[in-house]
Amino acid sequence: MQKIIKYTLLSAVIATLGLQGCKDSYFDKLSDNPNQVATPSLNALLATSTYKAGFNNYSVASIILPYVQYTANPAANGAGDTYQAIDFSSTWDLLYYAMADANEMKKLAITQNSSEYKGVADVLIAYNLMMANDLWGDAPFSEAFNIDNLVPKYDKQQDVYTSTMTLVDEAIAELSKTNSAIKLAGASDLIYGTTATTERANWLKMAYALKARLLIKVSKRSAYNPAAVLDAVSKSFASNDDDARMQTFKERSPWATVALNNEQQSLGGWLSEQLVDALNGTTYGVFDPRLPKITDLTVDGKYIGTVNGAGNRAPGANTRKDENYISRNSPWSGNTSPIFIVTYAELKFIEAEAAFDTDRTRSYNAYLTAIRANMDKFQVSTTDKEAYMAQPTVAVGAAALTKDLIFKEKYIATYLNPEAWNDARRFDYKYKDFTMPVNAALPTFIRRLDYPQGERSKNGGNVPVEVLRTTRLWWDQ
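Numbering of the sequence shown is given in the numbering used here, commencing with residue 3 and proceeding in unit increments.
No lab work stands behind these hints, which were simulated from the structure alone. Among the hints, erroneous ones may be present.
Here are the in silico distance ranges between beta carbons for each label pair [to be verified]:
| hint | residue 1 | residue 2 | range |
| --- | --- | --- | --- |
| 1 | 466 | 362 | 36 to 46 angstroms |
| 2 | 464 | 394 | 51 to 61 angstroms |
| 3 | 254 | 196 | 19 to 29 angstroms |
| 4 | 175 | 400 | 30 to 40 angstroms |
| 5 | 364 | 389 | 53 to 63 angstroms |
Here are the simulated lysine-lysine pairs, DSBU-like style, with alpha carbons at most 30 angstroms apart [what the hints assert, rightly or not]:
| hint | residue 1 | residue 2 |
| --- | --- | --- |
| 6 | 179 | 252 |
| 7 | 434 | 323 |
| 8 | 405 | 460 |
| 9 | 460 | 222 |
Heads up, the beta-carbon is just placed ideally off N, CA and C, and yes, glycines get one too.
Given the sequences, and given the hints that come with them, work out the whole structure.
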């Protein structure tokens with residue numbers, strides 16, 4: 003945690019360089035001497051904070067992909083595949099660096115009477131805090147940004163959740179105001195980047211989207227309130243155009259870099275048998291047209307995934323491209339593909355789940371809308387989309403709709419998104435044919451991460467006593 007204070011200043015310095023001009027000029031200057039740069043502006047902090055929200059989405063997703071069996075390690079007994087202890091200090095630091103930047107923006111917004119920048123800062127702090135809370139549970143927050151305290155206490159995981167909800171509600175209150183002294187600058191916003199007339203409205207919708215996520219997450223708890231979920235959804239995204247995404251990169255999307263490395267025979271990015279079989283007709287008896295939009299055919303003209311924990315199959319064993327992997331030809335992982343933070347399709351699946359017990363017709367319509375929205379995002383042709391939608395295992399009718407179907411389709415729609423692990427845990431990993439990885443280090447599915455070694459060395463007196471990686475977080479019980 004001591005790095006946070008220093009990094010707050012460094013990040014603020016980086017932000018002053020701005021992103022309003024040529025994108026490369028921003029990235030080229032990341033290593034400039036921070037002592038030669040002035041105090042950052044709101045616009046500069048907005049630029050760096052929105053960039054980091056997107057990159058942290060990628061960083062956290064990289065951790066959880068093998069846990070939800072989107073990807074698999076090409077080598078047998080891969081640490082992620084088999085639930086081994088892994089030190090994720092770098093991701094922990096990235097999340098807190100991003101929160102520190104957004105916190106600086108919030109403080110500056112307050113002094114300059116900008117309700118819009120303050121609201122966006124609250125959204126961004128909440129988003130990064132949600133991810134930390136979902137990975138580790140207990141985490142520093144109430145004392146995290148006090149410059150006089152380099153060893154902040156850890157708040158209890160449920161308190162962190164409550165703090166996140168408070169941030170989101172504060173964001174909604176601030177972004178609902180129309181009299182901000184300083185309006186958001188679209189040129190500095192790497193998530194929406196639109197004109198001043200729509201910036202505030204877009205961020206307000208994103209705040210409601212995060213609120214819907216938070217509310218659906220407690221679906222196993224007695225406090226779960228489906229009506230509140232549906233209210234948040236109704237005030238959030240209305241189409242794919244509202245999706246929150248980040249699309250500014252130095253060279254290419256980080257997912258495209260994963261694909262490029264694989265093309266060059268480096269390890270990483272191989273798709274799991276679970277994901278591929280869910281799409282190629284093996285598991286559900288229907289070929290899903292999103293599969294060709296995710297990956298390319300193997301050298302043998304097939305779609306075949308890697309078994310988690312077992313490594314690439316013989317005889318090719320990673321040398322012939324005879325198993326599928328993340329592709330640069332995909333709208334999700336191409337060179338210029340956005341990193342999707344939260345999407346309209348996800349919100350419609352949340353609506354389908356929340357309305358399931360009280361309004362089956364609404365639930366079913368939301369389920370169908372979500373699938374279509376995701377297919378449109380994957381650029382599936384109208385013909386292929388409607389052929390899939392007409393399948394009797396998809397178009398089951400409102401009376402025959404099940405939560406299993408909702409979770410099954412949402413699993414595809416959250417491809418490469420950190421939220422997928424939260425759903426898998428809430429659903430108790432009950433996806434059809436979803437099995438434990440080969441050679442697993444744990445007796446059951448993984449439920450949380452070990453605390454990073456970096457935290458143990460810097461703030462060891464406050465790091466909670468280690469719990470098993472099979473121990474459920476409070477909302478997962």
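* Proposed proximity, residue 222 with residue 460 (alpha carbon, max 30 angstroms) -> violated (35 angstroms)
* With a cut-off of 30 angstroms on the C-alpha distance, tell me whether residue 405 and residue 460 pass. => The given pair, whose Cα atoms are some 44 angstroms apart, is violated under the 30 angstroms limit.
* Mind checking the alpha carbons of residue 179 and residue 252 for me, to see if they're no more than 30 angstroms apart? => violated (35 angstroms)
* To do: Using the beta carbons of residue 364 and residue 389, state whether their distance is inside 53 to 63 angstroms or not.
  => Violated, since residue 364 and residue 389 (Cβ atoms, about 25 angstroms apart) do not stay within the stated range.
* For the pair residue 466 and residue 362, does the Cβ-Cβ distance stay inside 36 to 46 angstroms? -> Holds: the Cβ-Cβ distance is about 42 angstroms, inside 36 to 46 angstroms.
* Cβ separation of residue 254 and residue 196, checked against the hinted range 19 to 29 angstroms -> holds (24 angstroms)
* Given a hinted range of 30 to 40 angstroms, is it respected by the beta-carbon distance of residue 175 and residue 400? -> Given a distance of about 36 angstroms, which is inside 30 to 40 angstroms, the answer is holds.
* For the range 51 to 61 angstroms, tell me whether the beta carbons of residue 464 and residue 394 fit it or not. => holds (55 angstroms)
* Verify the proposed pairing of residue 434 with residue 323, using a straight-line Cα cut of 30 angstroms. => Holds, at about 27 angstroms.
Hint check: violations occur at hints 5, 6, 8 and 9; the rest are consistent with the structure.
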